[in-house]
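S.K.: Below are the chains, spelled out letter by letter.
2 protein chains.
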Amino acid sequence: MYPQRFEDLIALFEKLPGVGNKTAQRYAFALLEKDGEQINDIASTLVGIKEIKRCRICGFLSDEDECSFCKDHSRNPSVIMVVANPQDVVAIEKTGSYKGLYHVLGGLISSSKGIYPEDLNIEKLLNRINENTKEIIVATSPTMDGEMTALYLDKILKDKQVLVTRLAHGLPMGASLDYADDLTLIKALDNRRKIESE
Amino acid sequence: MYPQRFEDLIALFEKLPGVGNKTAQRYAFALLEKDGEQINDIASTLVGIKEIKRCRICGFLSDEDECSFCKDHSRNPSVIMVVANPQDVVAIEKTGSYKGLYHVLGGLISSSKGIYPEDLNIEKLLNRINENTKEIIVATSPTMDGEMTALYLDKILKDKQVLVTRLAHGLPMGASLDYADDLTLIKALDNRRKIESE
Chain A
594 MYPQRFEDLI ALFEKLPGVG NKTAQRYAFA LLEKDGEQIN DIASTLVGIK EIKRCRICGF
654 LSDEDECSFC KDHSRNPSVI MVVANPQDVV AIEKTGSYKG LYHVLGGLIS SSKGIYPEDL
714 NIEKLLNRIN ENTKEIIVAT SPTMDGEMTA LYLDKILKDK QVLVTRLAHG LPMGASLDYA
774 DDLTLIKALD NRRKIESE
Chain B
594 MYPQRFEDLI ALFEKLPGVG NKTAQRYAFA LLEKDGEQIN DIASTLVGIK EIKRCRICGF
654 LSDEDECSFC KDHSRNPSVI MVVANPQDVV AIEKTGSYKG LYHVLGGLIS SSKGIYPEDL
714 NIEKLLNRIN ENTKEIIVAT SPTMDGEMTA LYLDKILKDK QVLVTRLAHG LPMGASLDYA
774 DDLTLIKALD NRRKIESE
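As they're listed, the protein sequences go chains A and B. For the first sequence, the positions run 594 to 791 when the numbering used here is used. For the second sequence, the positions run 594 to 791 when the numbering used here is used.
Keep in mind the hints are simulated off the structure, nothing from the lab. As the structure is a prediction and not an experimental result, all values here were calculated from the model. Treat the hints with care, as some may be off.
Repeated chains share a single entry, so a pair holds when one copy, or any two copies, can fit it.
The calculated lysine to aspartate or glutamate pairs, modelled on EDC-like cross-linking and capped at a C-alpha distance of 20 angstroms, are [claimed, not checked]:
id	residue 1	residue 2
1	Lys751	Asp774
2	Lys664	Glu740
3	Lys627	Asp601
4	Lys646	Asp681
5	Lys643	Asp658
6	Lys608	Glu630
7	Lys787	Asp712
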């Protein structure tokens, strides 16, 4: 019912994750308010993402061959944290309490989604481990796929002379004990620690 | 933390109505999966909306000077339905039970938002009413602004030789009576009709 160009725009927005027809229409009308110059700016920002690559070392997003983390010599090169996606790197960085390097797998091993180790950025991880590497922190989510990926990585890193660790599982801070699920409670109990007064 | 081009893309999505940082990131990552050609297609669809105009008669969206409704001679030109936005035209059309013409105001009179009659597409409405025009259906929403706009239109259309009507207010179909608000119930009672068996 709308002009074809407008229907095309709505169809475009409908392809974004979780966007239905009503929301797509709202977005399209919001764009319609922009003037010609603003539209051109938006289009060139869009075309600009064709220049975004994966860092050749760790797989994080980068404008250049190597990302800002891999190029940063102030970071500790003896620790590599392995994560599923670029978003995870940003989540960890925001805490400000990690100063090592990263390695982005580009997903998790998943039998249900048909993702196998060879589909992930694992070979480059093995190649970058050298005599200076002391620890690999496997920071995959505590889900079925995340656990499977962690176990796989632990297995193939066995013969490397590195410590392989995993993020701690337990009660999330601020959570109410009686709302925690059984599995989380079991993990929290298993991994209990001596209280250390400072 | 992401490369600048990617941050720019996220910032772009964040400007869409109701989109926060997390959702903007999801959208940006979805676009990152597209190849160069798909990105070009998206950009050209985007630039294409610069060609979308308002119909010079009714104010609906159009690729040309006149929209598909105003150009359609099979429609009844003696009835004009006045709506706030292009979306309302589409909502009415979807019912398939209206065959007259439309007039899109481009908003509603609103003292809180500072929108006055002169900001709306009202003058063109007055100009297009002629001796063939029999009825103006004011189809604004039953909100404060919608009612105000309807009253204003009724007033300025007084001296034109046309019937001015308003969409019926009452219980929405399928609604439960005990969940209806007082105002809706009062309207439904005031506007009660004799049951006509066919």
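S.K.: Determine for every hint whether it applies to the structure shown.
M.R.: Now for the hints, and whether the structure bears them out:
{"no.": "1", "hint": "Lys751 <-> Asp774", "verdict": "neither (32 angstroms within a copy, 67 angstroms between copies)"}
{"no.": "2", "hint": "Lys664 <-> Glu740", "verdict": "neither (30 angstroms within a copy, 62 angstroms between copies)"}
{"no.": "3", "hint": "Lys627 <-> Asp601", "verdict": "both (17 angstroms within a copy, 17 angstroms between copies)"}
{"no.": "4", "hint": "Lys646 <-> Asp681", "verdict": "within (17 angstroms within a copy, 43 angstroms between copies)"}
{"no.": "5", "hint": "Lys643 <-> Asp658", "verdict": "within (14 angstroms within a copy, 36 angstroms between copies)"}
{"no.": "6", "hint": "Lys608 <-> Glu630", "verdict": "between (25 angstroms within a copy, 16 angstroms between copies)"}
{"no.": "7", "hint": "Lys787 <-> Asp712", "verdict": "neither (41 angstroms within a copy, 70 angstroms between copies)"}
Going through the hint list in order, the structure does not satisfy hints 1, 2 and 7.
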